[in-house]
Amino acid sequence: MLKVRLLSLLRLLILLFLVLLQICQTRPKLSSQQSCFSTATVETPLLPMVVLPNMSGMPMNPQQQGPQQHLQGMSGNRSAQGSPSRPPQQIQQSQSTPQVRPLYGQSAQGQQPRPAFTSPTPAGPLMNNAMSTHMGQSQTSMQNGQRPMMSTPSMPQPYRPPQQATSPADLSAGQQPSPGVDELNQQFGSMGVASRASRSKRVYPGMQQSSPLQDQFPATQSQPGFPSNQQPGMASPQQFQQQPGAIPPQQFQQQPGMVPPQQFQQQPGMVPPQQFQQQPGMVPPQQFQQQPGAIPPQQFQQQPGAIPPQQFQQQPGMFQQQPPATNFQQNFTPGQPPIPQQPMSSMQLPQQKHRINPDQIPSPVALHEADQNQYMSTPYMTMSRTVPPLAASKFTVFDNGNCSPRFIRSTIYNIPITEDLISTSKLPFGVIVQPLADLEPTDTPVPLVDFGINGPVRCSRCKGYINPFFQFVHGGRKFVCNLCSFESEVPTQYFENLDMSGRRIDISQRPELLYGSCEFTVTPEYCARPTKSVSYFFAIDVSYNAVRSGMLAACASALKQFLYSSQRPMPNGSTVGFITFDKAVHFYSLKPNLEQFQMMIVGDIDEMFVPLSEGLLVDPIESKTVIINFLDSLPQIFANTTITEPVLGAACQAAFSALKQYGGKLSIFQTALPTFGPGALKNREDVKILGTDKERQLYESQEYFWKKLAQDCTTNGIGVDTYLFPNAYIDVATVGMLSAVTSGDTYLYMNFDANKDGEKFINDMQRALFRSYGFDALLRVRVSDGLKVTDYYGNFYMKNSTDIELAGIDSLKAFGVVLKHDGKLDEKQDAHIQAALLYTTSDGQRRVRVHNLSLPTTSQLTNVFRFAEMDTSVNFFAREAIQNAFNSPLKTLRDQISARCVKILASYRSNISTQSSPGQLILPESYKLYPLYALSLLKSRALRGGKIIPSDLRVSSMRLLNSIGVTESVAYMYPNMYDFTEPATNVGQLNESGIMVLPPIVRVSFERMNTQGFYIIENGRHMFLWIGREAPSHKLQALFGVDAIQQVDATSRRIPQVNTTPSQQLNTVLEFLRQRRARYMQLTIVRHGMDPISEARMSNLLIEDANLDNLSYVDYLVLTHKNVQGETAHGK
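Heads up: the sequence shown runs through residues -26 to -1, 1 to 1106, numbered per mature numbering (1 follows the signal peptide of the UniProt record, and there is no 0).
Think of the hints as simulated: they come from the structure by calculation, not from any bench.
Source: prediction; values computed, not measured.
Worth double-checking, as some hints may not be accurate.
[To be verified] Subject to a maximum C-alpha distance of 16 angstroms in a straight line, what follows is the list of computed EDC-like cross-link-like pairs (lysine to aspartate or glutamate): (1) Lys452 / Glu463; (2) Lys534 / Glu733; (3) Lys682 / Glu779; (4) Lys762 / Asp796; (5) Lys557 / Glu581; (6) Lys794 / Asp765; (7) Lys921 / Asp660; (8) Lys798 / Glu393; (9) Lys634 / Glu588; (10) Lys865 / Glu854; (11) Lys794 / Asp394; (12) Lys921 / Glu659; (13) Lys557 / Asp580; (14) Lys794 / Glu854; (15) Lys565 / Glu588; (16) Lys368 / Glu414; (17) Lys865 / Glu669; (18) Lys798 / Asp394; (19) Lys368 / Asp345; (20) Lys557 / Glu619; (21) Lys565 / Glu596; (22) Lys798 / Asp759; (23) Lys794 / Asp759.
Construct the complete structure from the given sequences, taking the supplied hints into account.
Printed below as a string of structure tokens:
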């Protein structure tokens, strides 16, 4: 009898096992395609915008979700008030919902539970030139009548499955939770940061959707804190059945409350087997290892942001399986294409789960390409009353009344009529003025008008210069000033009758009435001193450091090329002079009747004087033989010197005495901190204060001697360029004060080596000397009634509140002008801006160059955003931050930049895009790249945090950003990266429009680079050629004449001339990029994984990646959206 009972019991066990096995095997996988609602965002039809949809996980239409599904912000929290109670079954399901992983440094037991709910959102279409992004999906289908459940703060703590608890043993085994809000708060200060787990997933159209359970943990197996072969919350295979709460097989029938097999499917509340697969949160046996955050092997490459294997080679910047025909001897990728990987092995960053597809967010590459195509063959008409072309585009300007945008760029091209309107928009209001900017050969040239002894016609009240917007009245006897509305008498010699339309009959012969930019010759009353051609004076350090580093020899060679090169002859009547200095100052007589130069030494440096009455400043043509002899002999004269302390202050005093009568251009070459003689300095840099609030003390001059000397140079029209070659701290803030106040340039060559840096130094100096130049200048900006100028940004000197004094100015110098309302503007009349530069040309002519800009006014905030110009605004913000760096810590400035970005976008959201879903990040079309450029500012050397940046480098970068124009700043903020992996046959050649064909431009990110590729990266200051470590030998042979990447000479600054088409194309492209930029870019060859220092420098230019203690572009966009939501909610 006992035997029969045992057999029956065994049969029951076998039957129960078979039933369970059948249930597990027949259950299908959860569908990844979830139902979603179709929505449409109601927007103002007149204003283009970019929609990054539902980045917070909020439903697009709350009314469609039911009363229980009102979410708040990015965290997805539901309102705890007014929510009806749910059925017990739903509450039980909510309590069994897997919980979010704890923050870094918290245990699972001590963490407060968070809702793990994500709402279903649509994958909407592209609309209105915008992109819809929907983040978050529900694991239940709304079409089946099931409501997605969530826990609320008022409910008891939900049950946490044992598999998901983070035990101390797990933490000790290396399974550390991922970093959370603390790290982001450290980077962004007071700005709120949502934890990664609380953010809803962002899904773009066309992306592989996944369960919300997978959104609570990193989507890759290589996340920090998790072994690569074990998913978060998973147990090892041998311990699979020993999890807490699991039942051993031998005890399965002995558990209390178990149901006999024949009643298993008939219990109340149980689900029939055919519906078992549809229960939310259930996991089939074959998918049991797909715990929350785990990724099935067959779906690993299909997660959001990942690329399916069959499509991987087709991504932007990646290889295709069948590359197009090129000039190389064979295809670039023989055989099977390699698996792409992170290029920078030496700078490997942790893999991140890209919840947003980077290809779908706003791209500067696409924007610039579209703008370039628009103005490729169509000139820009300055009176078109539209936003001008992007500063980075190549375009032709036709001046038909307004000045070229190369001279003046405004942050807004529809001026608000009231101060309240501009305050509501949070946009900057000002202009960037670049008076002597270079023009393209096809642009309308600036005409020169001579009014004779009477000088140019001006307003009797505001002294504004005549321009196309003057209105002639009373039959031509008077004119009304467009700036102050005052009626002035027309000079007798300038009178002309008017036609039937009120225009002067001779208007076609009057350039000043036709063009927005015009130059006038002026009378002697505009001259503070006698005018003559510019004098070039050179003060050269000849101490031990200058000789040893090779600077002295390189300087002598560069000066000889400048004086007697055939590139551009020196202006007629110009003179040159030289002094050298160590512990004494050496003067040289270079009179043409001498057979050899004569040197005079002044050792009394405390009472400096010029011992030569003539022969110090000579004509370079007449004294050519003597000058060449002097420059050839200079390195040998001081070859054996042992003096290490150059008296820079005394040398500058001597140069000032030589040039103060007529003004001119002074170039200083210095190798060490001047610790001896007048203006002696101390080494005040302390590593302990770098990165702290006290660091800003290093930005100001430590000795009044230099500031006073700089002011004297400005008053006497002496512009100063400083070339520094230090091996240690040299105090750029003090020594470079001469250049900053006189509007000159400071060139810094750390650890200078003539063999490595000599080419850059020689080219920098030649370009600085050959550049269009004016000296003894004065700049004033006038605006029409209702506006006023409140401040100026840049490197200059001001004695009063209206005029900028410039000792010297070249074609690259630009200045920021802050504008404000002085009353209410008339919407029916335009606002006018006039910039007048009084200067002496390099050939000794005294002129005034006038630029006029007329802008329409508006009372609509929509038009203010529509006609905003982002490139100018970014330049403006950079200058504003640098201006405040002397009074505020850098961390405060960085927070202000991010906060300003949030306020602008929140203003647009609150006042214009009011009908959009709160879960969407709405970007105005004109400012859709502003988050990227704000991130670029945070990563710039001038503003980024940390103690690794010496104060000399930071101050040098600050003064650079404070002086460059918009065109330079765009490239400096977002570098260009050219993919030379598969150059087309026409690369390096001129097309039918006469434009050089360049390789395709890709976005600056490691994700766009391939280990078999070649990439050129440049930002207007530096240029890198990156070679992938798996570059094929036949390509290396074609470009460098070598068979392996190890044989490429990374120290060379030039590409070898190989007799192949790809080599010729590469050299042509590199030379074209150098010539296109105003400053010389020295090439640095970077071999992937082999040149860590150069590779680290290059990686700093990859703005879209997470580097330099800042977020990536995608993460910063998410952070910005989070703060925009908070700002919008706070405003309401």
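These are the hints, each one checked on the structure:
no. : hint            : in the structure
1   : Lys452 / Glu463 : holds (5 angstroms)
2   : Lys534 / Glu733 : holds (14 angstroms)
3   : Lys682 / Glu779 : holds (15 angstroms)
4   : Lys762 / Asp796 : holds (6 angstroms)
5   : Lys557 / Glu581 : holds (14 angstroms)
6   : Lys794 / Asp765 : holds (10 angstroms)
7   : Lys921 / Asp660 : holds (10 angstroms)
8   : Lys798 / Glu393 : holds (8 angstroms)
9   : Lys634 / Glu588 : holds (15 angstroms)
10  : Lys865 / Glu854 : holds (15 angstroms)
11  : Lys794 / Asp394 : holds (11 angstroms)
12  : Lys921 / Glu659 : holds (12 angstroms)
13  : Lys557 / Asp580 : holds (12 angstroms)
14  : Lys794 / Glu854 : holds (15 angstroms)
15  : Lys565 / Glu588 : holds (8 angstroms)
16  : Lys368 / Glu414 : holds (9 angstroms)
17  : Lys865 / Glu669 : holds (11 angstroms)
18  : Lys798 / Asp394 : holds (10 angstroms)
19  : Lys368 / Asp345 : holds (9 angstroms)
20  : Lys557 / Glu619 : holds (6 angstroms)
21  : Lys565 / Glu596 : holds (8 angstroms)
22  : Lys798 / Asp759 : holds (9 angstroms)
23  : Lys794 / Asp759 : holds (11 angstroms)
Hint compliance for this structure: every hint is met.
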